[in-house]
Amino acid sequence: MSLQAFFAQNVQLESTEDFVISDRFKDEQGAPIPWKLRTLSEEENEEIRKASTQMVKEKGGQRIQETKPEVYMAKIAVASVVFPDLKDADLQKSYGVLGAEALLKKMLRAGEYATLLGKVQELNGFDREFDDLVEEVKN
14 MSLQAFFAQN VQLESTEDFV ISDRFKDEQG APIPWKLRTL SEEENEEIRK
64 ASTQMVKEKG GQRIQETKPE VYMAKIAVAS VVFPDLKDAD LQKSYGVLGA
114 EALLKKMLRA GEYATLLGKV QELNGFDREF DDLVEEVKN
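For the sequence shown, this note's numbering assigns the number 14 to the initial residue and increments by one for each residue that follows.
Worth flagging that the hints you see were computed from the coordinates, not collected in a lab.
Being a predicted model, the structure only gives us computed values, none of them experimental.
Treat the hints with caution; some may be incorrect.
Claimed, not checked - For lysine-lysine, the following DSSO-like pairs were computed, each having C-alpha atoms within a straight-line distance of at most 30 angstroms:
hint, residue 1, residue 2
1, LYS106, LYS132
2, LYS49, LYS118
3, LYS72, LYS39
4, LYS70, LYS49
5, LYS118, LYS106
6, LYS118, LYS70
7, LYS39, LYS119
8, LYS39, LYS63
9, LYS49, LYS81
10, LYS72, LYS49
11, LYS106, LYS49
12, LYS88, LYS100
13, LYS118, LYS100
14, LYS88, LYS118
15, LYS49, LYS100
16, LYS132, LYS119
17, LYS63, LYS81
18, LYS81, LYS100
19, LYS70, LYS39
20, LYS100, LYS39
21, LYS63, LYS106
22, LYS81, LYS39
23, LYS106, LYS39
24, LYS63, LYS88
25, LYS119, LYS72
26, LYS132, LYS63
27, LYS49, LYS132
28, LYS70, LYS132
29, LYS106, LYS119
30, LYS100, LYS119
Modelling step: build the complete structure from the supplied sequences, incorporating the hints.
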């Protein structure tokens, strides 16, 4: 085994994938338009986790950090979507919202949003079960 395989120039750091979230978004020929999704680094994930965490009071007055899962997942989804550009002001204006997270929730139906979140988790490796990881390490 070569240590060279771990050098940054020899590793695929980010990948993208086209994925049809919904067949409601169609091109001129009526074909569904795929969204372009990208992987995130752990550094990006950590920043998103921090932005999704707040201090809350527990019983007895002790303050602890709590990550809001729905906020965290919305931020992960926004960071993973390359196309359409969720930060585009005209796109947000067309849905009557401000902000990429609000746009996603307005433009997608509940099941479509869940599909997007599932694909983002899969693309970033969050879908893998612990047993699968153990098997991979064994091989």
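Okay, the hints, checked on the actual structure:
For the hint pairing LYS106 with LYS132, the CA-to-CA distance comes to about 26 angstroms; that is within 30 angstroms, so the pair holds. At roughly 17 angstroms between alpha-carbon atoms, LYS49 and LYS118 fall within 30 angstroms of each other, so this suggested pair holds. A C-alpha spacing of about 51 angstroms is found between LYS72 and LYS39, which places the hinted pair above 30 angstroms, so the restraint is violated. Note on LYS70 and LYS49: the hinted pairing is violated, with a Cα-Cα distance of about 40 angstroms set against a maximum of 30 angstroms.
About 14 angstroms separates the Cα atoms of LYS118 and LYS106, which keeps this hinted pair within 30 angstroms; it holds. Taking the CA atoms of LYS118 and LYS70, the gap is about 29 angstroms. The hint holds against a cut of 30 angstroms. Between LYS39 and LYS119, the direct Cα distance comes to roughly 18 angstroms. Compliance with the 30 angstroms bound is thereby established for this hinted pair. Restraint check: the Cα-Cα separation between LYS39 and LYS63 comes to about 36 angstroms, which exceeds 30 angstroms; the hinted pair is violated.
This hinted pair checks out: LYS49 and LYS81 have alpha carbons roughly 26 angstroms apart, not beyond 30 angstroms. Between LYS72 and LYS49 the alpha-carbon distance is near 44 angstroms, which puts this suggested pair outside the 30 angstroms criterion. Restraint check for LYS106 and LYS49: satisfied, since their Cα atoms lie roughly 21 angstroms apart, inside the 30 angstroms limit. Between LYS88 and LYS100 the CA atoms are separated by roughly 12 angstroms; this keeps the pair inside 30 angstroms, and the hint holds.
At roughly 13 angstroms between alpha-carbon atoms, LYS118 and LYS100 fall within 30 angstroms of each other, so this suggested pair holds. Restraint check for LYS88 and LYS118: satisfied, since their Cα atoms lie roughly 12 angstroms apart, inside the 30 angstroms limit. A threshold of 30 angstroms between alpha carbons decides the hint, and for LYS49 with LYS100 the separation of about 14 angstroms falls inside it, so the pair holds. Taking the CA atoms of LYS132 and LYS119, the gap is about 19 angstroms. The hint holds against a cut of 30 angstroms.
A threshold of 30 angstroms between alpha carbons decides the hint, and for LYS63 with LYS81 the separation of about 10 angstroms falls inside it, so the pair holds. The hinted pair formed by LYS81 and LYS100 meets the criterion: a straight-line CA distance of about 22 angstroms does not exceed 30 angstroms. Between LYS70 and LYS39 the alpha-carbon distance is near 47 angstroms, which puts this suggested pair outside the 30 angstroms criterion. Taking the CA atoms of LYS100 and LYS39, the gap is about 20 angstroms. The hint holds against a cut of 30 angstroms.
Among the hinted pairs, LYS63 with LYS106 is consistent with the structure: their alpha-carbon atoms are about 28 angstroms apart, no more than 30 angstroms. Proposed proximity of LYS81 and LYS39 is contradicted: the alpha carbons are some 34 angstroms apart, above 30 angstroms. The suggested pairing of LYS106 with LYS39 holds, with an alpha-carbon distance near 20 angstroms, which does not exceed 30 angstroms. Using a Cα cut-off of 30 angstroms, the hinted pair LYS63 and LYS88 holds, with the two alpha carbons roughly 11 angstroms apart.
Proposed proximity of LYS119 and LYS72 is contradicted: the alpha carbons are some 36 angstroms apart, above 30 angstroms. About 22 angstroms separates the Cα atoms of LYS132 and LYS63, which keeps this hinted pair within 30 angstroms; it holds. About 11 angstroms separates the Cα atoms of LYS49 and LYS132, which keeps this hinted pair within 30 angstroms; it holds. Only pairs whose Cα atoms come within 30 angstroms are accepted, and LYS70 paired with LYS132 is rejected, the gap being roughly 34 angstroms.
For the given pair, LYS106 sits about 11 angstroms from LYS119 by alpha-carbon distance, which is consistent with the 30 angstroms threshold. For the hint pairing LYS100 with LYS119, the CA-to-CA distance comes to about 14 angstroms; that is within 30 angstroms, so the pair holds.
The structure fails to meet hints 3, 4, 8, 10, 19, 22, 25 and 28 from the earlier list, while all remaining hints are met.
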